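Novice: Next come the chains, spelled out residue by residue.
Protein chains: 2
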Amino acid sequence: MKIVVLDGYTLNPGDLSWDGIEKFGELTVYDRVSYDEKDEDIIAKKVGDAEIAFTNKTPVTRRAMEKMHNLRYIGVLATGYNIVDVAAAKEKGVVVTNIPTYGTDSVGQFAIALLLEMCHHVGAHSDSVIRGDWASNPDWCYWNYPLIELSGKTMGIIGYGRIGQTTGRIAQALGMKVIAVDTYKNPALESDTMKYVELDELFAKSDVIVLHCPLFESTKGIINKEN
Amino acid sequence: MKIVVLDGYTLNPGDLSWDGIEKFGELTVYDRVSYDEKDEDIIAKKVGDAEIAFTNKTPVTRRAMEKMHNLRYIGVLATGYNIVDVAAAKEKGVVVTNIPTYGTDSVGQFAIALLLEMCHHVGAHSDSVIRGDWASNPDWCYWNYPLIELSGKTMGIIGYGRIGQTTGRIAQALGMKVIAVDTYKNPALESDTMKYVELDELFAKSDVIVLHCPLFESTKGIINKEN
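Residue numbers (this note's numbering), protein chains in the order written: chain A, 975 to 1201; chain B, 975 to 1201.
Hints were generated in silico from the structure; no laboratory data involved.
Note that this is a predicted model, so its numbers are computed, not measured.
One or more of the hints may lead you astray.
Note: identical chains are not told apart, hence a pair may lie in one copy or across any two.
Unchecked claim - Derived DSBU-like pairs (lysine-lysine); straight-line CA-CA distance at most 30 Å:
hint	residue 1	residue 2
1	Lys1151	Lys1127
2	Lys1041	Lys1012
3	Lys1179	Lys1041
4	Lys1041	Lys1151
5	Lys1179	Lys976
6	Lys1064	Lys997
7	Lys1012	Lys1169
8	Lys1151	Lys1169
9	Lys1199	Lys1041
10	Lys1127	Lys1194
11	Lys1012	Lys1179
With the rest of the complex left out, here is chain A (with noise of 0.2 Å):
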């Protein structure tokens, strides 16, 4: 059986083994290939006539599976599918598979860390520490931003899958109250700091609005001028 990881290098810059694919077949390792659709001859060419092919962000359009004549599986290396047209894989009998939870607490604990930094600006404060901002002040507290405390505000959060639950209850953790848009709702995770809300109401009321939601087509845009 032969085995096609078309982006390795995003998983694997070097510190990680393969070894555990390469125990089912012959293994064929690209740092990568083209991230650009319109490349598919390239990347149909790259799969061959291999059965297995992973993916990391490789677009797998439906032309470039019409070229992977022994294609059974697309191991997607990563949570988010819409790289590959799911749609043609079914028709074809393709296997799709993505990783939903490897990322989880870390994209959580990121989107938290990008909301700290334009609250606090800590590198920045710190690079000014350094030049001698501080020393050079008359007073014992030196900030040259405005700090923002989020305890008492509220977080908006569109897609409150895995991903977004976990932002959400750090920033519960933070004093924030939690509204959520999504199309599944899970009412035992309500509570009197996080509610279920609709996309208008969500809007209106969010002093911070964090995207947990996969791209589709429905989600496309979702942030626009009329918003």
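Assemble the complex: chain A is given as a structure, and chain B must be docked to it using the hints.
Specialist: Frame of chain A, contents of chain B only:
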């Protein structure tokens, strides 16, 4: 009644009002006087014959207090009151108050912001991306520092009062285990993800150590070469 604010600028650089205090007597607000204990004569002179003195970070030593003949009350405009010789104040019948809760949420939030800066260097990544380092990178993902995931790691918190608990709550929401040292232990706070320990165990087991204790003789130099 005469009221003196020794270092008003730190609390109120111009965006707040002193009217609430002015109602009670003849108010003098100094932006700053001195943050040096050795300037006790200068500090005492500014208080003069006032009954009420407010300080944020201006030290009020025993010797300074001896020259404040009418002093009846010292209001610390902050949480930490190590700048006031409270033993001397007690002997003289001078009431001292601090404000234990004004910054609970914001200090906890800021402690986590400092930690996330070390984990993600968001500002530095932003600068790097603006310089074009991502655009000129062949891969879809880009970072130039190793990123640190906090989930599963252990945070040791020295001083588990209101602020320590706030930081601890956020850390647990980030998926961390919390171990804490405090003289006063509240068993109701303990859970699968939060335990009180002794200082030695905290030093041995923590991936991250956070100090949320006041500066007492007993806490001075608590982090040292031997530990």
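Novice: Should Lys1041 paired with Lys1012 be assigned to within, between, both, or neither, using CA atoms and 30 Å as the limit?
Specialist: The answer is within: 14 Å in one copy meets 30 Å, while 83 Å across copies does not.
Novice: Should Lys1179 paired with Lys976 be assigned to within, between, both, or neither, using CA atoms and 30 Å as the limit?
Specialist: neither (53 Å within a copy, 46 Å between copies)
Novice: Go through the copies and call it for Lys1151 and Lys1169: within, between, both or neither, with a Cα cutoff of 30 Å.
Specialist: both (8 Å within a copy, 27 Å between copies)
Novice: Could you place Lys1064 and Lys997 in one of the four classes (within, between, both, neither) given a Cα distance threshold of 30 Å?
Specialist: within (27 Å within a copy, 76 Å between copies)
Novice: How would you label the pair Lys1179, Lys1041 (within, between, both, or neither) given a Cα cut-off of 30 Å?
Specialist: Neither. Shortest intra-copy (49 Å) and inter-copy (55 Å) distances fail the 30 Å Cα cut-off.
Novice: Is it within a copy, between copies, both, or neither that the alpha carbon of Lys1041 lies no farther than 30 Å from that of Lys1151?
Specialist: Result: close neither inside a copy nor across copies, 50 Å intra and 50 Å inter.
Novice: How do Lys1127 and Lys1194 come out at 30 Å by Cα distance, when the copy is not named: within, between, both, or neither?
Specialist: within (27 Å within a copy, 36 Å between copies)
Novice: Between the shortest in-copy and the shortest cross-copy C-alpha distance, which are at most 30 Å for Lys1012 and Lys1179: within, between, both, or neither?
Specialist: neither (41 Å within a copy, 52 Å between copies)
Novice: Can you tell me if Lys1012 and Lys1169 fall within 30 Å by alpha carbon in one copy, between copies, both or neither?
Specialist: Answer is neither: 43 Å inside a copy and 56 Å across each miss the 30 Å cutoff.
Novice: Within, between, both or neither: how does the pair Lys1199, Lys1041 come out at a Cα-Cα threshold of 30 Å?
Specialist: Answer is neither; intra-copy 41 Å and inter-copy 65 Å both fail.
Novice: From the Cα coordinates, with 30 Å as the cut-off, is the pair Lys1151 and Lys1127 best called within, between, both, or neither?
Specialist: both (6 Å within a copy, 26 Å between copies)
The structure does not agree with the numbered hints 3, 4, 5, 7, 9 and 11 stated previously, though it agrees with the rest.
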